[in-house]
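Given the sequences, and given the hints that come with them, work out the whole structure.
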Amino acid sequence: MKKSLLKKLSLVLTSTILFSTVAVGCSNSKSATADSGKKVTLKLALWGEGDYKYLTETNNLAEAYKKDHPNVTIQIEHIAPKEYDNTMKIRNTANQLPDVFPIRQAQLSLYGDVMVPLNDLKATQNNIYAKQTMIKGNVIGIPQAAFNEFVFYNKNIFKEYNLEVPKTWDEFLKVCQTIKDGKKYTPLLIGGKDGWPDYPFNEYMPMLEAGDGQYYNKMAAKDDPFTKGQPFYNAYEKIQKLYDAKVCGDDPLGYGWDQERAMFVAGKGAMMAAGSWYKDDYDQNGGKDDNLGAFLLPTRNTTSDPFYTTAMTEFFWGIPKTSKNQKEAKEFLEWFFSSDYYAKFVGTLKQRPTVKGVNYDDKFFDQAFKGVDAKPITIFYDENFNKIMNAMKFDVKGIGQQQMAGKTSLDSIMNDLNAQWKKARGN
Amino acid sequence: MFKNGDVKMQKNIILVTFLFIPTILILMFMIYPLIKLIGLSFTNWDGLSPTYKYVGFKNFKKIIFDSPEVWAALKNNGVYFVGHILFIPIELFIAFLLDNRVRCCKLFKTITFLPYIINGVAVACMFSFLYSSQDGVLNSVLQFFNLGKIGWLSDPNIVNYSLTAVSLWRFSGIHIILFLAAFQSLPPDMTEAAVIDGANSFQQFYRIVLPNIKPVVEIVLFLNVRGALQVFDIPYVMTAGGPNHASETFTVQTINTAFQYADFGRACAMAVVLMIIIIIFSVIQQKLFNLKG
Chain U
1 MKKSLLKKLS
11 LVLTSTILFS
21 TVAVGCSNSK
31 SATADSGKKV
41 TLKLALWGEG
51 DYKYLTETNN
61 LAEAYKKDHP
71 NVTIQIEHIA
81 PKEYDNTMKI
91 RNTANQLPDV
101 FPIRQAQLSL
111 YGDVMVPLND
121 LKATQNNIYA
131 KQTMIKGNVI
141 GIPQAAFNEF
151 VFYNKNIFKE
161 YNLEVPKTWD
171 EFLKVCQTIK
181 DGKKYTPLLI
191 GGKDGWPDYP
201 FNEYMPMLEA
211 GDGQYYNKMA
221 AKDDPFTKGQ
231 PFYNAYEKIQ
241 KLYDAKVCGD
251 DPLGYGWDQE
261 RAMFVAGKGA
271 MMAAGSWYKD
281 DYDQNGGKDD
291 NLGAFLLPTR
301 NTTSDPFYTT
311 AMTEFFWGIP
321 KTSKNQKEAK
331 EFLEWFFSSD
341 YYAKFVGTLK
351 QRPTVKGVNY
361 DDKFFDQAFK
371 GVDAKPITIF
381 YDENFNKIMN
391 AMKFDVKGIG
401 QQQMAGKTSL
411 DSIMNDLNAQ
421 WKKARGN
Chain L
1 MFKNGDVKMQ
11 KNIILVTFLF
21 IPTILILMFM
31 IYPLIKLIGL
41 SFTNWDGLSP
51 TYKYVGFKNF
61 KKIIFDSPEV
71 WAALKNNGVY
81 FVGHILFIPI
91 ELFIAFLLDN
101 RVRCCKLFKT
111 ITFLPYIING
121 VAVACMFSFL
131 YSSQDGVLNS
141 VLQFFNLGKI
151 GWLSDPNIVN
161 YSLTAVSLWR
171 FSGIHIILFL
181 AAFQSLPPDM
191 TEAAVIDGAN
201 SFQQFYRIVL
211 PNIKPVVEIV
221 LFLNVRGALQ
231 VFDIPYVMTA
241 GGPNHASETF
251 TVQTINTAFQ
261 YADFGRACAM
271 AVVLMIIIII
281 FSVIQQKLFN
291 LKG
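From first to last, the protein sequence lines stand for chains U and L.
Going by our numbering, the first residue of the first sequence is number 1, and it counts up by one from there.
Going by our numbering, the first residue of the second sequence is number 1, and it counts up by one from there.
By construction, these hints were calculated from the structure, which means they are not laboratory data.
Please note that the accuracy of each hint is not assured.
As the list claims (entries may be wrong) - Stretch by stretch, here's where chain U covers chain L in the computed footprint (C-beta under 8 Å, at least three residues):
(1) 122–133
(2) 144–152
(3) 198–206
What the hints assert, rightly or not - Reference excerpt, derived from the structure (chain L facing chain U, CB under 10 Å, subset only):
(4) S49
(5) T51
(6) A72
(7) E218
(8) T257
(9) Q260
For glycine and all other residues, C-beta sits at the position ideal for the given N, C-alpha and C.
So, in structure tokens, the structure goes:
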């Protein structure tokens, strides 16, 4: 009898231990204690590969911050850029967001209820763009950098064909055509298979055409913004001309971003459009600096029209409401955006600073601004636009692929978009 | 030795103990997520907000009556389904050959099974380069024979067949091994008796082998329905559903609805619809399969 009782007892104990192990494995792990004066661990996560390398190797952020705040330890986690947005959403549902992390601008409006308002921080007041990118009346993220878009070109190929940097859209098409006629190089590389590499054209050109970085937000107030004569239509008409000229290779939908950049570095293509972030990628992949040039994408019709160029603010650093260390996280953001560390950080990574008084001196990209009176427009997508975009699954990059395929007329695409847009607005 | 009551009690304790952990795990990782999924399918949750509203059957109505892209995606899934169905006789034949009917059959068995154990993303990347329009192997071969290039991944009319070929390359191995295992489990005296009765090879296969491996064929058919409707990694990595959604499968679209277009409610409803479709297809398939007897 005793034996059987012991057996039962041991079985119950074993199952209890196993169950508690599983249960403990699923519990929320606390990153740190928030009591003032006590040691605190601030968890940071980010997607930028160059940023992560700088913060952990080149100029260790944790060590730099510890000098001023000895009780705070910083842990930095790198998440692959492609996985970053999804990972953060998943972590949010599990209340496992890091104490401080950057949000991508395209995702910012979704985080309106999740993040702590940062309106009163000095870092917010000193930021050039923070108040232009408010969500529901609050600054929920402080942008780290502003990126311009460029057309990167191979100087040797331009020399070979005696080409000059184009100043209007027609001149740009002419440059592409001249290189195409030479039959040696692909004039303009676009890895259309992946969809997103066409964004400098299909996503940004309507804003450049309108001369307004918030043009998509204004479209959200209209029922038929894709009608002929509207900036979106005009921009897409120009893009269609470019794709119809077959200057992006035999089949731009048959190769992706990886091949696009490999071909550009190998000198098989003359031009490719991308953000200033691409320069770092070019260097890391063995590209030669003296052979690389950059100019602003000229979308204007004549040289007397204003020359608009996009400025995209990115890396919106914020603090989630679930963070146990909000006070320390706010102190960190104040320090980060006001210290010398920030100036060195963005300077090394060749990012345009967003903080007032921090100088930007980049010799490489200066060449793109010489001789043109460029008017930067700051891109921002608000909640109303995002709602319509999500409701109708508005995908400009996919439309770009459709244009490259060239099987559907532009009018048909635009009429279809008008109908879907109106319906999404109605809902 | 033991009283009847004690033995019964001991039996019950052992049963409960052995079943406790698996039951808890199933409840935690299958039943609870399933209930949550069904619950969320009736909401408008965006995946981030702490709150959401119940919207009744709105998501389901939208998917069934007002989402042509969902049906277009299901049509793409259909290409995988038909491709794999058509390949089953070939898989059966290869398995038949590998059942000690060719030299070095062990080596061939390994080669056949190898694609299945390679990481799916690696397979997709490998085929991306094979199909590429710039310096891609397949187009280079065509050019060598003075033939025109083919837009393997860029032509909306071809892309799904190109991707189905990758899926066949990857998953046929597991089907062949399953058929092979079924063949080898058959007692040899049945076929020997058939030979004595004068049955030829086709009759042996059709009258003796096939009816006896019916359960395995059923499993392969079920795997085919499930696999074809849930195919994700190959189109996601190779084309991201493009060009312009031409190769988007139901699962790719579900993922995009949830993460790209921040509509978790509708994505959950899509997952429920997919589950129902798989059940319906499997039941129909089973009924058709058992019609004969």
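Here is what the structure says about each hint:
1. Requiring three or more residues with a Cβ within less than 8 Å of a Cβ of chain U, the coverage given for the stretch 122–133 of chain L holds, as 4 such residues are present.
2. Coverage of a stretch by a chain is defined here by at least three residues with a beta carbon nearer than 8 Å to that chain's beta carbons; for the stretch 144–152 of chain L and chain U the count is 3, and the condition holds.
3. Counting residues of the stretch 198–206 of chain L whose beta carbon lies closer than 8 Å to any beta carbon of chain U gives 0, which falls short of the minimum of three for the stated coverage.
4. Residue-level restraint check for S49 (chain L) holds (minimum Cβ-Cβ distance to chain U is 5 Å; threshold 10 Å).
5. Interface hint status for T51 (chain L): upheld, as the beta-carbon distance to the closest one in chain U is roughly 8 Å, under 10 Å.
6. Below 10 Å, beta-carbon pairs count as interface contacts, and A72 (chain L) has none with chain U, the closest being about 12 Å; its hint is therefore violated.
7. The beta carbon of E218 (chain L) is not positioned within 10 Å of any beta carbon in chain U (closest approach about 35 Å), and the interface hint is therefore violated.
8. For T257 (chain L), the suggested interface contact is upheld, since its CB lies about 8 Å from the closest CB of chain U, less than 10 Å.
9. Interface restraint check for Q260 (chain L): the shortest CB-CB distance to chain U comes to about 8 Å, inside 10 Å, so the restraint holds.
Hint check: violations occur at hints 3, 6 and 7; the rest are consistent with the structure.
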